[in-house]
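Residue numbers (our numbering), protein chains in the order written: chain A, 1 to 405; chain B, 1 to 405.
Treat the hints as calculated values from the structure; they're not laboratory data.
Among the hints, erroneous ones may be present.
Since copy identity is lost for identical chains, a pair holds within one copy or between any two.
Unchecked claim - Simulated crosslink set (DSS-like; lysine-lysine; CA at most 25 Å straight-line):
1. Lys398 x Lys20
2. Lys319 x Lys128
3. Lys27 x Lys55
4. Lys55 x Lys319
5. Lys20 x Lys272
6. Lys188 x Lys367
7. Lys20 x Lys55
8. Lys32 x Lys91
9. Lys241 x Lys221
10. Lys191 x Lys358
11. Lys27 x Lys128
12. Lys319 x Lys398
13. Lys128 x Lys358
14. Lys32 x Lys128
Protein chains: 2
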Amino acid sequence: MARIVKKFGGTSVGDVDCIKHVAELIKADVDKGHEIVVVVSARSGVTNELIARAKSIDPDPVDREMDMLLVAGEQETIALAAMALHALGVKAVSMTGAMAGIMTDTSHTRARIVSMDCQRLVDCLESKQVVIVAGFQGVDLEGQITTLGRGGSDLSAIALAKGVQADLCQIYTDVDGVYTADPRLVPKARKLSEISYEEMLELASLGTKVMQARSVEFSNKFNVPFEVRSSFNDIPGTIVKEEVSSMEDVVVRGVALDKNQAKVTITNLPDKPGTAATVFNGLSQANVVVDMIVQNIGRNGVANMTFTVPRDDTGRASKAVESILETLGGGEVTLVGDIAKLSVVGIGMRTHSGVAEKLFAALGDTKANIQIISTSEIKISVVIDENDSDRALQAVHKAFGLDTN
Amino acid sequence: MARIVKKFGGTSVGDVDCIKHVAELIKADVDKGHEIVVVVSARSGVTNELIARAKSIDPDPVDREMDMLLVAGEQETIALAAMALHALGVKAVSMTGAMAGIMTDTSHTRARIVSMDCQRLVDCLESKQVVIVAGFQGVDLEGQITTLGRGGSDLSAIALAKGVQADLCQIYTDVDGVYTADPRLVPKARKLSEISYEEMLELASLGTKVMQARSVEFSNKFNVPFEVRSSFNDIPGTIVKEEVSSMEDVVVRGVALDKNQAKVTITNLPDKPGTAATVFNGLSQANVVVDMIVQNIGRNGVANMTFTVPRDDTGRASKAVESILETLGGGEVTLVGDIAKLSVVGIGMRTHSGVAEKLFAALGDTKANIQIISTSEIKISVVIDENDSDRALQAVHKAFGLDTN
């Protein structure tokens, strides 16, 4: 007997038939004698519908009320899922985030979990009931309903796995697991049987859309291993867990490509102390998340600075930079939208050399021009032209032996 | 400055434009300096949609999960209504039934309010915020979400009016108020400016669909006067309040017609002590609510018994009776679906005589044959053929001077 947390996203519970299918999956585990906690999202599309309705009332709706609105989506799913289990003769009980004991701070629409009080939930498990918890939601100390931000249901699942000391946490999604690269772009990409938190974290934040980085960070912090797997077949997925020494034998675990970036270059910027701080303060106040940053040493008292931002934020970023340059009294801004960020990731890099050379050689062979380079302990990222990026991704994947390993 | 509870039903908050209109109505009162509590239902159609989805998963869904499911409907409306007020520059905060302090027993889908703890709500009012409460829902002592049954939002409003000691409780609906008869059937029906709880109660339970009897009972018990009025115009509605002596001058306040009844007749029933108890126990166990009952004294050791049931329950009632008759060892059952119940109501009847005679005369003039008669202190009801009922209603309305008073 094991205690298992199973999380199903919006597409897995998209309609009545999907919900019945999920109930069958759960029943199979119950029949094996396992204790099951289920975390579900809103049916796919529902959250966007609710947001659209809110925006047609107020283009900038207040955060507290957005939370109150959006939790309705998950609440519908938990009730329907509990009914589907009852219909199969399985005892089940639904719980809101608050009832499941997910306590958060008061930051509406992006609350952070501060503690877990899972006694009520554990009591239900011990009385042989499946507990179905609304993902994405929590409650603050004053009893106000909060939400954990987009992708928050994964976070709910991992926090609950920690809270009930689960043996296993399974994140069901529409992909089989984590691949060495996006299989739609690299036909030879292979599914990984396991991956470390840190590698997953870099892949998650680099455009591999399996999970949000926040959930992986949380699982890393509290050491909650989890499995990413598909709800549409019964194939084992990818286990995401603490690093083990054998993982270091693989130098590069995967290659990620992020096409959702734009490049901002500021030229002729007055080169004096505090300039960079002024620029990035201004961007942060405009709520623009800056990713890679490169600054060249200036000549003639001017500097050139380049950074990347999410492509959706380009307008906001450019407006913010214009106003910063006015304050600084100089500089011109250039935007380039059609770039892509390619990254190789692997904890083996820490102990192996030659990764950068191999990457640059592979890119050179495909005539992809490198515009920016950025490195960390377990990853190397380059910005290249978007038009070269698919070809480059395949070449790099092959160069690191990921096609065949 | 007054403290006002305003309740808006599903059609009043049916879509985004309706919700914006409701926000305007509320703002007008806020601008006058009033403290406002708003109770809203789910958008019209949403509750039925959710029920349909539940039934497609499990034809007989478990009550606890139905409650969890259905409250999602109101939760959406309170958030959208709060946003609409924010968009108009009015400070507003939404609350679930639990947050508003509506404490109930544990009877899911038909919970009864056991206490009100409105401190949090009053604090918000005193800090000049409009409070928008999800109608129809409450919470039991263990924190389980409950619902108050169909029409429960009216009950929420009246309970909150009591809980916050409101000066006024306004029930907004799609009719202008309470009429002497259904204006669609009696063109000369007039709107009443006031009516006593007891009269309203009889009218509510007799097929005048303005409010559910339970809400009126509650307002009577706790003496919470309320106004029934339209959300589509600014015309004063009908005040429902404690009886005052001047009300007795009007002998008949209104005439109600209920076409949603069926008649069940049992003939040749063994006439011995306990027979009636066996019959009505059996019906109660089959969850059939019996309305009017008549029994004729039997000849040759048999009795004839007639009663009415809601037309939707006819199948269930007839099945229950068949099985009861088997137990009793005799009797035949006959069903008649096309009947109508016509009632005249007025607290003045207590002190005036001749009401029954006038009623029977009016019915005789229209050739409507009376099948059953039943009387109480403030009402006389008769069952007649449904085909005669519209004509009879108009004649009785005229006979009691309600056309012109």
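Structure-based check of each hint:
1. Lys398 x Lys20: neither (42 Å within a copy, 58 Å between copies)
2. Lys319 x Lys128: neither (57 Å within a copy, 37 Å between copies)
3. Lys27 x Lys55: Between copies only: 20 Å across, 40 Å inside.
4. Lys55 x Lys319: within (23 Å within a copy, 52 Å between copies)
5. Lys20 x Lys272: neither (64 Å within a copy, 53 Å between copies)
6. Lys188 x Lys367: within (21 Å within a copy, 88 Å between copies)
7. Lys20 x Lys55: between (32 Å within a copy, 12 Å between copies)
8. Lys32 x Lys91: For Lys32 and Lys91, only the intra-copy Cα distance (15 Å) is at most 25 Å; the inter-copy one is 53 Å.
9. Lys241 x Lys221: So Lys241 and Lys221 pass the 25 Å test inside one copy only (11 Å; across, 62 Å).
10. Lys191 x Lys358: within (23 Å within a copy, 87 Å between copies)
11. Lys27 x Lys128: For Lys27 and Lys128, the Cα distance is within 25 Å only inside one copy (12 Å; across copies 51 Å).
12. Lys319 x Lys398: Neither: 41 Å inside a chain and 74 Å across chains, both beyond 25 Å.
13. Lys128 x Lys358: Cα proximity of Lys128 and Lys358: none, with 55 Å in one copy and 66 Å across.
14. Lys32 x Lys128: within (12 Å within a copy, 56 Å between copies)
The structure shown violates the earlier hints numbered 1, 2, 5, 12, 13.
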